[in-house]
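Student: Residue numbers (this note's numbering), protein chains in the order written: chain A, 1 to 168; chain B, 1 to 442.
Simulated from the structure, these hints should not be mistaken for lab results.
Among the clues, some could well be false.
As the list claims (entries may be wrong) - Simulated DEER-style distance windows between Cβ atoms:
1) A:Arg96 / B:Ala426: 19 to 29 Å
2) A:Ala2 / B:Asp326: 50 to 60 Å
3) B:Arg429 / A:Glu146: 37 to 47 Å
4) B:Asp31 / A:Arg101: 45 to 55 Å
5) A:Gln75 / B:Ser231: 50 to 60 Å
6) A:Ala2 / B:Leu377: 47 to 57 Å
Unchecked claim - With a straight-line cut-off of 27 Å between C-alpha atoms, the simulated DSS-like cross-links for lysine-lysine are:
7) B:Lys205 / B:Lys73
8) B:Lys151 / B:Lys9
9) A:Lys148 / A:Lys69
10) A:Lys22 / B:Lys50
11) B:Lys50 / B:Lys73
12) B:Lys193 / B:Lys151
13) B:Lys360 / B:Lys347
14) A:Lys22 / B:Lys151
15) B:Lys193 / B:Lys50
16) B:Lys35 / A:Lys22
17) A:Lys69 / B:Lys347
18) A:Lys22 / B:Lys360
19) B:Lys73 / B:Lys9
20) B:Lys193 / B:Lys347
Backbone N, C-alpha and C fix where the C-beta goes; we use that ideal spot for every residue, glycine too.
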Amino acid sequence: MAFTAENLGRAREIVARYPVTKSATLPLLHLAQDQDGWVSPEAMEEIAGILELTPAQVLGVCSFYSMFKREPVGQLVVTVCTNVSCLVNGGPELLRALEDRHLDDEDVHVEEVECIAACDLAPVMQVNYDYHGPVDAEAAETIIDEYKAGVRPARTISGTRVDAGATR
Amino acid sequence: MPETRVVTKRLRDHPEDSWSIERYLATGGYDMLRKALAMTPESIQDEQVKASGLRGRGGAGFGTGQKWSFLPKGVYPRYLAVNADEGEPSTFKDHMLVERDPHQLIEGIVISAFSVECHLAFVYVRGEFALGYERLSQAIGEAYERRYLGKDILGSGFDLDLILHRGAGSYIAGDETGLLSSLEGERAMPRIKPPFPAVQGLFAKPTVVNNVETLSTVPHIIDRGGDWYASLGVGRSTGTRIFSVSGHVERPANYEVELGTPFRELIEGLAGGVRGGRGMKFFIPGGASSPWLMPEHLDEPTDMDHVQNDLKSMLGSGAIMVFDEDTDPLLVAWRLLKFFAHESCGKCTPCREGSGWLEKILYRMSHGLGRPEDLDLMLDFGDNIVPGLNAPFAQTTICALGPSTMSPIVSLDRWFRDEIAARMEADSRKRIPVAAAGGGGR
């Protein structure tokens, strides 16, 4: 999907900050993901146009970083850490439980993540990049339900606060 | 023994609002910037930062003042890139500093930029730090409003712009040159050195790359003097350091202590020891990349040089992981290699291929399918990643991720060789030989 007029203006502002325009690649990919909930091929083409790159160059960068989703993943991205401090504190069990429960859930995308620098909260998960820990499967499920019901305000799947677009 | 809180003092004293500009100003914030701007850039570098003995807190432990002094004279523009891409497994100190004391970091950045005569700085903040990004973003806005950033900072004539740049999920972007590649809009692939970033870094201009904790320390050095800072710590490991202690401990958290404090004080004293009063099997002293240590090393001091030269490990990023007596070292090694294999950028063959094969072999070893020869097999081809297998590790790759893959393997060999041999023997005996099962070359 193409950038909205507002986001196109925002994109131009971002590009203008950098001494070399290509540096804006990651910020623009985040902006596209904030807008659409994923990074579509059309978005990569548009970003390439703005930055005077080829779409292949943008795809090459996009596909390197695990936060960028190149297909729609739903409203909530739940990442569960299983690296060593979480490994010995129940991270893998938490991941398995959430994966099983949300296998066919179109709104919730569960994935394993490498150490997210919150080992004091092990086992830790993030929901759209907000931290929750230590949590067991039951507590995690309650939190996810609260996000789904809108009781907890969720960030975008790129981790941007929904009311804070302008600070990007 | 209590902590020695320097960098973490404000966030511990005022957990309710340590990140706010009001709290920062009420606790002496930005006074050190005023003081620094009245000094000369050279005197900050030589009489303060170099004299303090401050060494980089990201992992490599290189002298901060010395790093700054490598910038070629008279070449401009210069850039400062702040590494807030904390990703070394079990390290969670920069995450805390960014979220809970962003102004301290900004003050450190402005002072450091003034000292190295740089007018454009970048903070590369890890993509997953959503709240950290938000707090820093707000703090930068407040700093601009109050003229701690921007044109003619506090009337000194010094200009500095600060750009906040979000990563998007990549461990290797935390490598110094990987970070520069990422900041330039590329895959975060490290670059061969030389040229070092100080000579040809961001956009091929002289660039200083410093860690969050390192720069957050700078205002305190200006406040109380380089000599004061150097009086803390031990030997060439001066000052305090934030250790992230986690795993099987009662109180996993960040603890700031003088360098040289024994591991026992951190693990048993501050973190409350192994959970449930159990015994300890082993601990990892400095992040996933560091070779492991044993309970017999608990009384060793956290002295960077001693840990490297005498214990053949490293303090690295200051992440201490503790594992109780029932922990399977093969499972921990496998998980670490799964991490390295996932995060290898793929540029150098020994790392790209080596990490993948190590992960596969460790998977079978830790899941009942190992073979008696597996440990030696890993050491054999691992010698192509780390020639000689002796610490400090030699490397056949551009960055340190390659040799880091061998830390768990070398540790298994050093501490658990007999245990592993017995287990592999038993595991293979449990399996039905191919011939007996009716298969194999008939």
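Student: Quick one: which hint numbers does this structure break? Sort them smallest to largest.
Tutor: 3, 8, 10, 12, 16, 18 and 19
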